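A.B. asks: The lines below spell out each chain.
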Amino acid sequence: MTHHTHSDHSSPAIVTRGLTRHFTSRKQTVEAVQGLDLEIGQGELVAFLGPNGAGKSTTLRMLTTLIPPTSGTASVAGHDVVTGQKDVRRAIGFVGQGNGAGHRQLGRDELISQGRAYGLSHAESRERAAQLIEDLDLTAVADRKVSSLSGGQRRRLDIAMGLVHVPRVLFLDEPSTGLDPQNRANLQELVRRLHADSGSTVVLTTHYLEEADALADRVIVVDHGRMIADDSAARLKSGLGDLVRLGYDDPSSAARAAARLGRVPESRVDVDGDAVSLRVKDGSRMVGELLADLTADGVPPTRVEVARPTLDDVFLDLTGRSLRETQQAPSPDTDSTEINNEVAA
Amino acid sequence: MSTFVNDTVNVMTRELKPVWREPMAVVFAMIQPLVFLGLFAPLLPDMATGGSALQWFVPGIVAMTALMGASFTGSSLMEEMQSGSHERQLVSPIGRPALLVGRALKEVVPMLMQVAIIVAVVTPFSFDLHLDGVLVAALLLSLFSVGVGALSFALALASKGQDWMFWTVQQTLLFPTLLTAGVLLPIDGAPRWLEVVSALNPMTYVVDATRVLFAGTYPSDVVAQGFAGAAVVAALGLVVGVRAMRRSS
Ligand SMILES: Nc1ncnc2c1ncn2[C@@H]1O[C@H](COP(=O)(O)OP(=O)(O)OP(=O)(O)O)[C@@H](O)[C@H]1O
Ligand SMILES: [Mg+2]
Numbered sequence: 001m002t003h004h005t006h007s008d009h010s011s012p013a014i015v016t017r018g019l020t021r022h023f024t025s026r027k028q029t030v031e032a033v034q035g036l037d038l039e040i041g042q043g044e045l046v047a048f049l050g051p052n053g054a055g056k057s058t059t060l061r062m063l064t065t066l067i068p069p070t071s072g073t074a075s076v077a078g079h080d081v082v083t084g085q086k087d088v089r090r091a092i093g094f095v096g097q098g099n100g101a102g103h104r105q106l107g108r109d110e111l112i113s114q115g116r117a118y119g120l121s122h123a124e125s126r127e128r129a130a131q132l133i134e135d136l137d138l139t140a141v142a143d144r145k146v147s148s149l150s151g152g153q154r155r156r157l158d159i160a161m162g163l164v165h166v167p168r169v170l171f172l173d174e175p176s177t178g179l180d181p182q183n184r185a186n187l188q189e190l191v192r193r194l195h196a197d198s199g200s201t202v203v204l205t206t207h208y209l210e211e212a213d214a215l216a217d218r219v220i221v222v223d224h225g226r227m228i229a230d231d232s233a234a235r236l237k238s239g240l241g242d243l244v245r246l247g248y249d250d251p252s253s254a255a256r257a258a259a260r261l262g263r264v265p266e267s268r269v270d271v272d273g274d275a276v277s278l279r280v281k282d283g284s285r286m287v288g289e290l291l292a293d294l295t296a297d298g299v300p301p302t303r304v305e306v307a308r309p310t311l312d313d314v315f316l317d318l319t320g321r322s323l324r325e326t327q328q329a330p331s332p333d334t335d336s337t338e339i340n341n342e343v344a345a
Numbered sequence: 001m002s003t004f005v006n007d008t009v010n011v012m013t014r015e016l017k018p019v020w021r022e023p024m025a026v027v028f029a030m031i032q033p034l035v036f037l038g039l040f041a042p043l044l045p046d047m048a049t050g051g052s053a054l055q056w057f058v059p060g061i062v063a064m065t066a067l068m069g070a071s072f073t074g075s076s077l078m079e080e081m082q083s084g085s086h087e088r089q090l091v092s093p094i095g096r097p098a099l100l101v102g103r104a105l106k107e108v109v110p111m112l113m114q115v116a117i118i119v120a121v122v123t124p125f126s127f128d129l130h131l132d133g134v135l136v137a138a139l140l141l142s143l144f145s146v147g148v149g150a151l152s153f154a155l156a157l158a159s160k161g162q163d164w165m166f167w168t169v170q171q172t173l174l175f176p177t178l179l180t181a182g183v184l185l186p187i188d189g190a191p192r193w194l195e196v197v198s199a200l201n202p203m204t205y206v207v208d209a210t211r212v213l214f215a216g217t218y219p220s221d222v223v224a225q226g227f228a229g230a231a232v233v234a235a236l237g238l239v240v241g242v243r244a245m246r247r248s249s
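Protein chains in written order, with full-length UniProt numbering: chain A, 1 to 345; chain B, 1 to 249.
So here's chain A without its partners, still in its complex pose (with noise of 0.2 Å):
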């Protein structure tokens, strides 16, 4: 594998600098990224987190030359993205969010042609697609039509695609959907190596905040097109608690629960009928302690559940809007009405 130098911190992978982009369909303007700037340094590790139309995808397809920014401007490798197209694409690999392999070809043919692209000789390619469909796990599927390929199969083959110039800079757009738990975790692990291993810097995109956890030092969250957060998923997470849920078998029992619960300092109660949920620090260690707590009391709960922060809870934190609202609602201005009062009862 080529190793790209880290030497050179000066240049960041990637800059930009007030990056827009609008699309105009029937008379109505979407603005789906709003004046983005943004420095990612060289062989830096960055997930991309946000809702559906929160302009991931929109951002990633500026950054590879696919779309033009409507103001702003782009560099990615020292290129610009309008003016230096060519050398963009030179130094880039792009995962996108659909299917890179043709449904009428055989997944070792697109991975071969995909280094021939990319200025490989045949041996090498053929090297190449022979190392990432052992690596990838596709070597029973890859002398298959990929059309024939479950969706998982594609997904994995698509990345093969994207791994095949080991690229300065690679994008993945929502890598991980339609896999299983096994192969995200086989995903993830290669993401690793590779970053690890050749230096590249990595960007993908993803909902999923435990992703974003276990791949990424850099976590920015978008929203409405604009960049609400950009910090360690760890630290976005601190200070959110986990969720503990008690249910019981009638609503007085919950209700003198939650009473005991108030005590729990730094932390939030809510009631539901027979269920309280508390949100706390740590929540998943104080487990143990609060149940003796509470069978001491004489209202031990008879189901527990114990959630770590969300995706979910990191946005409603940040926005005050819940992201399943977010999908729902039109106007997030009266969900946001909405979960106060939520929070406030």
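By construction, these hints were calculated from the structure, which means they are not laboratory data. Only a predicted model underlies this, so the values are computations on that prediction, with no experimental measurement involved. Check each hint, because a few of them may be wrong.
Covered stretches of chain B (chain A as the covering partner; in silico rule of three or more C-beta atoms under 8 Å from a C-beta of chain A) [claimed, not checked]:
hint	segment
1	71-83
2	91-97
3	112-126
Beta carbons are placed, not taken as given, at the ideal position from N, Cα and C, and that holds for glycine.
Position chain B with the ligands relative to chain A; hints supplied.
C.D. replies: Okay, now just chain B with the ligands, sitting in the frame of chain A:
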């Protein structure tokens, strides 16, 4: 320049892989022209000159097959636009012109396979094979197919992955083009406006030239006009196609 050639060869090689792997698809794509051949040929009166009806009809069917095959071909690009595979190629260092030209050049291969099949099917009947003329006609039709293929890809790109738009335009143009080119019926004695449309249709000249060549004759004016017609289609197709590919995202 050599990058362009390399890229074009790469694109064409990729496009040809499914053709080699599933040659039957090429046969299925020509069912319609073969049905026309089977149904129409017996209805045609023998030519005044005493030649068999097939001698007049087969070259037209060959040109029709070339037109149909090449005009359908954009649907494969449409599929790739919908799946994301087109996008993947746009991000690669392959130049936009090569993405179009490589695809258009590939059209020659299935077209030649189809011509070979038609000639093989009709030769046992009352059709005189003039191999030299057929080979020159194949060259002519190659040029024509590249042009029509390029136009079909341009249409696919302009339809932005909307199937209905591609098929509506393709079907709307296909039959008028065939009919005014005199593929199924002679245009002689048609109303004036039809003669004008026919004279403006470049395929008319391609069909006329294919007919004389299949008869083993080489009247230089008809042959030259045929190549000119095919060259116009090829040039138009490549210019429009490359422009559409450059604008694609
Ligand atoms: N070609 C287009 N024409 C019109 N609107 C578009 C186009 N592409 C994207 N949009 C709009 O821009 C906004 C951002 O879309 P984008 O695809 O970037 O979101 P995303 O963050 O990738 O979402 P997802 O998680 O669903 O993939 C959306 O409102 C979308 O409808
Ligand atoms: Mg997206």
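A.B. asks: Taking a Cβ-Cβ distance under 8 Å as contact, does the segment 91-97 of chain B have three or more residues in contact with chain A?
C.D. replies: holds (count 4)
A.B. asks: Examine the segment 71-83 of chain B for residues whose CB is less than 8 Å from any CB of chain A, and state whether their number is three or more.
C.D. replies: holds (count 5)
A.B. asks: Examine the segment 112-126 of chain B for residues whose CB is less than 8 Å from any CB of chain A, and state whether their number is three or more.
C.D. replies: violated (count 0)
Violated hint for the displayed structure: number 3, the only one.
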